[in-house]
Structures are given as structure tokens and as C-alpha cells.
Amino acid sequence: MEALYAVCVGVLTAAGVFLLLRGRTFPVVVGLTLLSYGVNLFLFSTGRLNDSAAAVLGSGSDHADPLPQALVLTAIVIGFAMTAFVVILAMRARGDLGNDHVDGRVPELVLESEERS
Amino acid sequence: MQHLILLPLILPLLGGLLMLLPPLTESRVRQRNFALVLSAATMLTSVLLVQQAQQGVIGVYAVGDWAAPFGIVMVADRLSTMLLLLTSVLAFCSLLYTFGPRDEEGSFFQPLLQFQILGINGAFLTGDLFNLFVFFEILLIASYGLLMFGGGKTRTRAGLHYVILNLAGSAIFLFALGILYGTLGTLNIADLAQKVQQLDPAETPLVRAGGLMLLIVFGLKAAMLPLQFWLPAAYAASTPAVAALFAIMTKVGIYAILRVFTVIFGDAAGPLSHIAGPWLWPLGLMTILIGAIGVLASQDLRRLVANLIIVSVGTLLAVIALQREDATAAALYYLLHSTLISGGLFLLADLIARQRGKVGDRLVPGRGVGQGRLLGSLFFIGAIAVIGMPPLAGFVGKVLMLSAASSVAEMSWLWPLVLGSSLVALITLSRAGSTLFWNPAGKPVEIMRANPVQLLATVLLLSMPLLLSVFAGPVTQMVAATAQQLHDVQGQIGSVLQPVTHLVEVK
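Chain order of the listed sequences is S and P.
Numbering follows the UniProt record's numbering, with no gaps: position 112 of the first sequence is 112.
Numbering follows the UniProt record's numbering, with no gaps: position 182 of the second sequence is 182.
The following block holds chain S by itself, in its conformation from the complex (with noise of 0.2 Å):
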């Protein structure tokens, strides 16, 4: 399981930081998105993995760490507030500035490539 789990949270990761560096503002709000969703995953797992713990404070022995927990659920309600704020200002930068791109113009060398195919 921890092998698994450190892939989803190694490749969320990855792919969230790929899209976070492309020039147009939807592959940049998606990478933000995978970015949290794998923070997320990694803070999750910061209380030790295991598979028979009770979530809450219980009558057994064994119980999972509850802090870790609460820290996710703070950080996933942030993470979709900045993130359905940052999809309403790509919107509008779209309609401000009459394209897409994260700098606000798009680079006359995408320009040509795009002609040219």
C-alpha cells in the first residue's frame, strides 16, 4: 500500500507542476487542482498509514493519528476556494485581455507555430 501511495502522490505531484509551467490559464488551474489533490494525499499520509485504525477517538487501542486529519480538511476547504476563485479570474482575464495566456498576450513564436500546422 505505501508503495502505491507514495506513486499516486509522487505522480499527482509531478503532473500538477508540468501543467502549473504551460502558458495557458486552464492547464494552470488544472495543475493547481492535481498540485492540492497530491498535498493533500501527503499530508494525509503524514499520520503514518494503516488500515484498521479508528478515525475517532474509540474504546480500542488502536487509533489513527486525528490531527493530520483535520489539517487535510482545512487545507482541501482552502484549496477549493482558491481554486474556484482562481477559475472565475482566468475568465476574466480571458475577457479582459482576449486570450487565454497567463501573461495576458500570447508570444508571437506560439503565433507562427500555430499558422504554420
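In short, the hints are calculated from the structure, not lab data.
Cβ coordinates follow ideal geometry from the N, Cα and C atoms, glycine included.
It cannot be assumed that every hint is accurate.
Away from chain S, derived, C-beta distances all over 12 Å, residues of chain P [what the hints assert, rightly or not]:
1) 48
2) 136
3) 156
4) 202
Among chain S residues calculated to face chain P with C-beta under 7 Å, some are [unchecked claim]:
5) 32
6) 35
7) 43
8) 82
9) 84
10) 89
Knowing the structure of chain S, use the given hints to seat chain P on it.
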């Protein structure tokens, strides 16, 4: 009186929420007056808190009465109360500035301003790294709204960069917190400082990685070298009152660096002590350099002030990197001065721009300034203060920082860069001043008068360096005591993690 610590958070939070309700949203006058009262109350609270902290006691407020390593604590020591007071003075002046004509550009400006203050105050007061993250997000989401206030192409473009960068920064912040929690099992700053001292050597590299990732995030907020390029565009694009308030935002990053890397990774942290120094020193020096180049290249006054902020951030970081008590004290004095003066200069730039008509604050010959004498003298005072010429506080701050560099290696890097950047600022500001005031291409169409309230706000902020240099003695004593308290890691651990006396055994 113990609950006083929470008041700088509760006042802007509840006040901001109340301002969203119809009785206040309906009338702009009522909203403004309410905001002013609120801001004055916050300032009064910070004054009381500073008085309390000056007795040397670290005020700890356990939220919900859950004791430190398990619950959330707010810590009001000398450093955080000092910065609270700085924030409230700056916020009061920039709030006063919105009483002028520019406020009409949209609604909900005042509540956003209050939420921004909530975030900043929270970041200063929290004793817990995860709550630092939460308050960072609060101040960021308010700042996104404030930055974009009024709309327009340049603001949208600057805002998009700012928002995306900060979201990426938040992700790195969370990764760092995850690493620290996973290895040390706590996120309370004092508890982290204690746990780092007893760290298993096998886990040192992980903690080091987590700590340095925090440096990336705080460096982004503070506009440290490779992460500084968003600042001039964002600050030059926002409305003047917002830009003035944002002068404190880079200092939030510097505060976090100061807190994390002198308390958690401080003198007592064994192999991990001073891990930030080797990075902060060169990056801080290079930030001064890049800021100075930006100052020379600035085409308009507000971008010039924004680049001066980068120079001051670089200077602060380089001095903090020395990680000694006297260096920290000098940096704190300069921090007070540079925040207030750059806020004042942003406001002044707007006053000047409005009287020059179409040319605005671009540094080209244009129509003369209506109130040339008044604004010219203010510009002169502001310029002297920000360059660091005697007799104003910038000079005292720079002398203190230069004398904090003790070894030859430190001196040979810090002195030329700080003095060189002052020279660059001197040249650029005198060139800017003569273009603005002495070289008009035409007479002003009508004699425009600056709005008296806006003028008052600007004068208030610009007179602060004067006060700081008149009261240089007490203020330097205060910052010295602050630095001493900050470097006393054991003292902080002792007062935040008091032995839990009232835990009841539950069957």
C-alpha cells in the same frame, strides 16, 4: 485582560462581517465611519498589547483552553505586538486615504480591507505553523480581491500572476508542513523548537528539506530574489491605499523567516541550527542588487517605490542572515521605518499623479503639479527618509545594520551593496523629483488641491520616520529587547509550553 490577545483578530473579523450587512452596505458614509472606528479600536488594542509585552512577559492565549502542544495558541511577545502596532498604524492611514474620491470604484472595499488586516494580525499572533498557513490564506484571498479592486487590464494581468504564484506557494507550504509534522509530530513553533533539539540524526535531512521548503514559501511572500518579479507589477497596478497596505505584506514573509529560522532552527537546533543563513545571505545581497537595477530602470513613480521595497527586503534578509541578536535588532528598526515610509510614498505618488493629469506618475516632463511646493516638500522628506540620509530614521537604521556586520567578509559584501543601493536610490529619486517638480512642460490647467483627508493620511505616514529618529533611543532599546527575546529560544519554549496543570483524567 488575558482575552486582549484575541481582540486584534476578533475586531476585524466581526467588524468586516458586520460591514457586509445592509445597514452598513447601504450607506458609504456609515461604512467608512464604522471602518474608521474599528481601525482605531484595533490600533488601541495593539497599543495595549505592546504595553503588556514591553514588561517582558510572553502573553500566551490557549484558544478554547486547550494547552499548547495539543491546542491552538496565540502568542503575543514583543515582536508580534510590535508588528501588530505597525500594521494597525499603516492600516489606519491607508483606510483614511480611501476617504478620498477613489473609493467609488466598487463596493465591499472596506470589508476586504478588514479581512486583510485579520489575516495579517493572525499571521503575527499565531504560535502554530498550520495556523500561520491558514492566516496566510486569509490575508492572501483578501489581497487578491483588493489587488483587483477597480478592475482593468493591468490589474487583471498582475493579479493573475500574483494569484497563481501564491497558490503554488501554498502547495509548497503544505508539503513543508507535512514533512515537519511527519518527522517531528507537532506544528507548534515552540514545541517544534524543542523537538528539533532532540531529533534523531537519521531524520535530519528530511527536517532540513522541510525547513528549506518553508524558506521558499516565505521568500515568495517577502519577494526574495528569484521570487521577486511579481511585486513591482502587482504593487504598481493596485489602488494607492491597497499598495500602501501591501507594504506590510512583504514584512509578513520576513516575520515568518525571522520566527521560524531563529526559533525553530536557531542556535540550539544542533546540526540544523542556522540552516537558512547560507541561503539568505547571498540571496538577500542579490535581491538588493536586482532591486537597485529595478530602481534605475523604473519608468514611473509607483514602480520606483515598489523596487525600493525590493531593495529594503534584500537588505533586511541579508542582515537577518547574520543571525545574531544585534543584527536582528537593527533589521527590526529598519523594518519599522521601511514599511511606514514605503506606504507613505505610495500614497504620495498617487497625490502627485492625480495633479499631473494624463501623464500620471510617469517620470516624463508633463503638466506641472498643482500644489508643487507642498507635494514637493513631502517628496523631499520621503526621498531623504527612504534613501537613508541623515537625520531621518532610514539613516539610523542603515548605520545600525552596517555596524551589525562584524567580520571582514560580511562587511566587504554588505557595505558596498547597501551603500551602493542608497546611492542608486539617491540618483534616481533626485532625477525623479526634478522631472516631476522642476521640469513642467506646461502650467496646471486649474489649481487642483489634494483632498485634505488623503493629504493627512500621507503626512501621517511620512512623518513616522521623523518620529522614529526623534525617539531613536527608546525605539532602539525596544528592538534590542525584542531581538533578545526572539533569540532566547529556551525562554519561548518555557513560556509557551507551560506545564499543563488542569488536565482532568477522564475515565
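For each hint, the structure was consulted:
| no. | hint | result |
| --- | --- | --- |
| 1 | 48 | holds (31 Å) |
| 2 | 136 | violated (10 Å) |
| 3 | 156 | violated (4 Å) |
| 4 | 202 | holds (17 Å) |
| 5 | 32 | holds (5 Å) |
| 6 | 35 | holds (5 Å) |
| 7 | 43 | holds (5 Å) |
| 8 | 82 | holds (6 Å) |
| 9 | 84 | violated (10 Å) |
| 10 | 89 | holds (6 Å) |
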